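Trainee: Each chain is listed here by its residues.
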Amino acid sequence: MTAFLASGGDWQSVLRRLRVDQRSTFAAGALISIAALVLFGPLLTAYKPFEQLDIANLVNARPSSQHLLGTDAFSRDVLSRVLSGGRISLVVALSAVFIETAIGVTWGMIAGLAASRIDAFMMRCVDAAMSVPRVLLLLAILATAPQLPVWLLVVLLGATGWFGTARLVRSEVRALRNTDFVLAARALGAESSRLAIRHVLPHVVGPVLVASTLAVGQVIVLEAGLSWLGIGVRPPQPSWGNIIRDGTEFLATAPWVSIAPGAFLVIVVLAVSALGDGLRDALAPRHLPR
Amino acid sequence: MRALSQRLWQSVVVLAIVATATFVLIRLAPGDPFSAALENSRITEAVRAQWRAAYGLDGSIGTQYVRWIGSLLRGDLGWSTSTNQPVTSAIAHALPHSIWLMGTALSIAFALGMSLGAWQAARHNRGVDRGVGFVTLLGGALPDFWLALVILLSGAYWLRLFPVGGASDPLLPTNASALIVLRDRLMHLVLPVTTLVILITAPVARQQRAALLDRLGAEWVRTATAKGVSAGKVFRRHAWRTALGPIITLGGLALPALVGGAVFVEHVFAWPGMGQLAAGAVASRDYHLVVGCAMVGALLVVIGSALADVVTQYLDPRTVTDASTPAAA
Chain F
1 MTAFLASGGD
11 WQSVLRRLRV
21 DQRSTFAAGA
31 LISIAALVLF
41 GPLLTAYKPF
51 EQLDIANLVN
61 ARPSSQHLLG
71 TDAFSRDVLS
81 RVLSGGRISL
91 VVALSAVFIE
101 TAIGVTWGMI
111 AGLAASRIDA
121 FMMRCVDAAM
131 SVPRVLLLLA
141 ILATAPQLPV
151 WLLVVLLGAT
161 GWFGTARLVR
171 SEVRALRNTD
181 FVLAARALGA
191 ESSRLAIRHV
201 LPHVVGPVLV
211 ASTLAVGQVI
221 VLEAGLSWLG
231 IGVRPPQPSW
241 GNIIRDGTEF
251 LATAPWVSIA
261 PGAFLVIVVL
271 AVSALGDGLR
281 DALAPRHLPR
Chain L
1 MRALSQRLWQ
11 SVVVLAIVAT
21 ATFVLIRLAP
31 GDPFSAALEN
41 SRITEAVRAQ
51 WRAAYGLDGS
61 IGTQYVRWIG
71 SLLRGDLGWS
81 TSTNQPVTSA
91 IAHALPHSIW
101 LMGTALSIAF
111 ALGMSLGAWQ
121 AARHNRGVDR
131 GVGFVTLLGG
141 ALPDFWLALV
151 ILLSGAYWLR
161 LFPVGGASDP
171 LLPTNASALI
181 VLRDRLMHLV
191 LPVTTLVILI
201 TAPVARQQRA
211 ALLDRLGAEW
221 VRTATAKGVS
231 AGKVFRRHAW
241 RTALGPIITL
251 GGLALPALVG
261 GAVFVEHVFA
271 WPGMGQLAAG
281 AVASRDYHLV
291 VGCAMVGALL
301 VVIGSALADV
311 VTQYLDPRTV
321 TDASTPAAA
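In order, the protein sequences belong to chains F and L.
If you read the first sequence in my numbering, its first letter stands for residue 1, the second for the next number, and so on.
If you read the second sequence in my numbering, its first letter stands for residue 1, the second for the next number, and so on.
Keep in mind that the hints were calculated from the coordinates and are not lab data.
Note that the coordinates shown come from a computational prediction; the quantities given were computed from them, not determined experimentally.
Hints should not be assumed to be uniformly reliable.
[What the hints assert, rightly or not] Covered by chain L, per the in silico footprint, the following chain F stretches (three or more residues, Cβ under 8 Å): (1) 40–46; (2) 114–128; (3) 263–271.
Glycine is no exception: its CB is placed at the ideal position from the N, C-alpha and C atoms.
Just chain L, same shape as in the assembly:
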């Protein structure tokens, strides 16, 4: 219980640091939300001042910060100047797209990566291991934006099988049947998900292989083998299960990738997710949206590592005592 409250407290501190730091940093960056309009010399100083006041961007950083905390406590994240809507609704639009894309990609990549890694470990140092090892090394070496371009080129231009971008067809009739809508969504999903799966599978497989090889060399595995437990059972029950820890940690770390992890891939495929939203917000100096996105990201970091710890503790009760030490240890 004490560990839990300490954990919660740490999470709040991290969130507060992220929110405050982004709040200050984005204001320190050159330009402001109205940069383009403000360069227009025909707009008088009075109009500019009025704009700033209307969007709550007048006064010192301190006053703005206090004002922002005040509205945050009322559940209001502020107004997004670039998308012209409340920050909460901008995020509410983008987040489901990110979860749809990243959720699919992460599930496939983890399933695939864990199988590949286990396969490699079971055939350690044989042809299969080396072959798959090279492929995963290559997968980890591919620049994300370039891979996305190559997949876009081959899947949408050469093969002409899939749409070039977006999350759905805007010309789809509103009365289209659910099946057609689903098919359209899935077709739009294929290319970006393929890109992300290639990128994410590689580290998962490498981690799984390394963790399993580590466990296979352990004394309890030797004991089990000596006791006459069958090789398959040793692999599954004694090695694989205990090697889940690092994979779960990796999964927890992957959760924040929902925001910002796929900026380039979303950009290439014009995917209306959090990565694009955050990148656009930063580029157009949409102060409140930037802070909002950063907070969603930080929240996912906190949730991801907490989830990973909970699952790890469930699987391996020995780690429970570790909860009282700082998360970063």
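Okay, chain F solo, but in the shape it has when bound:
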């Protein structure tokens, strides 16, 4: 449970183990390449993501040397759209995870350090919230909002994703509560806030970092799903989800429009999960058989 404690909070050795781990370095490499691609790619592509190139002859054109990923039903270049949409998808996911981590850590710390009655109530709320599927929670809010700014989508994604983190942090804090160093700090008269920030927080950073890394993968898929339903990132702004949506109608005749952004999604989520796994192992080197 207090996995990070076992590693002694030694960040240098964590980083070293991470660098030795092939899987993690490969995943980090893939993520950096995709980040660079979506960041600088739109500057290099010959077409603009919104540009309708030739609505008479270039509708749903197959991938070719001119259009590496083909064109969509509006004769727009799919590659340019995927690269430009990737910016939105990645930024939305990263910011949403930042928000959910902040809320989850705060809630979990308060519950973990509070009196048992308050703790029980706070955790029952988390139980209740976790029993409603996140998709439906978001659907309830998003379904009738006609125009939704992207920042609000980020806030909503963050506000519906912190329950797991809260539970994780709370259980770590509960386990830390009676350790000697926390008791000593308390005996020396440390205030609750100081106790929380100076003595408890550093020890939950590890598990939270792992959870947040994995959460990036979940959120990016969730945002794509909502955009695919037409209620996440809305057109004309491309995102990986709504590019897949554009292609769904022509799935049988122009599958490349949906498959290309999906493949990017898979690579990013795969890399993020591998990195999360690697991070978890690096934080708590398990004693494996043989």
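For chain F, the structure is supplied; the task is to place chain L on it using the hints.
Mentor: This is chain L only, laid out in the frame that chain F set:
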């Protein structure tokens, strides 16, 4: 006994919080069940008021809540405005479809995932382990709706082997033999179940592998090996059996997936299950149906975690004392 009553009490509290929160939240969301009709300027205010009164949506949230609790105690979950039937019958229609789909998918995925995980653990760090490890990592990384689309495209369009959607063929003659009906049902099941199995197997296999590796490193396993117990027996009796706990917990957590866990997959394959019902209810502001679906979901959460605890305690009597601590601990 005390633990049981405490458990029951906690479940009731969670259910009550879910019901109340959804009841209030869905009313706070913009729009109401008659949004589309109400935007029609030809419908007079009097007609609107009459509609609201007819469906019990007049008065403050407080009055509506008291009224709703009253009918709930009589076993009435209210009227579904979007599907135009009692909420109970809307759920009674969708739930069997969900159980049919999810039940099949969960059984296959757990059997497959546990075997794969055990296989990996038995050949830890060898080619098989790495290969399967990559496949499960990939399976966990696939976006559900996109995977469903790809499987729909390949199974129903390219291969033309399976129907594109729905749970059964509506054109099937009513006097068709049971065998034909069963075949039709199974054909409709293949693509959505394949999608779900790929998605669910990955985490099960990963969990099984991790739990087994943890147990294989334990001292009692070393003792058993030292005593001269055969490798196969050590694996089955000393490691695998004790590693069942995390898998059972995962199974308990998977039960609520019956509702809402498959919203996207149901959407792609036009499957008339709980996920679609709940999503439709939320989108059309069908207040009573939303609360009804949320309650079914919460009930499954409660049942799932209780079942997991009971089975875990049966397998490992040491955990019995833990029942007195809160479920979330």
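Trainee: Are there at least three residues in the segment 114–128 of chain F whose beta carbon sits under 8 Å from a beta carbon of chain L?
Mentor: holds (count 7)
Trainee: Are at least 3 residues of the segment 40–46 of chain F within less than 8 Å of chain L when you compare beta carbons?
Mentor: violated (count 0)
Trainee: With a cut-off of 8 Å between beta carbons, are at least three residues of the segment 263–271 of chain F near chain L?
Mentor: That given contact holds, which follows from 4 residues of the segment 263–271 of chain F lying within Cβ reach (below 8 Å) of chain L.
Hint violations for this structure: number 1 only, all remaining hints satisfied.
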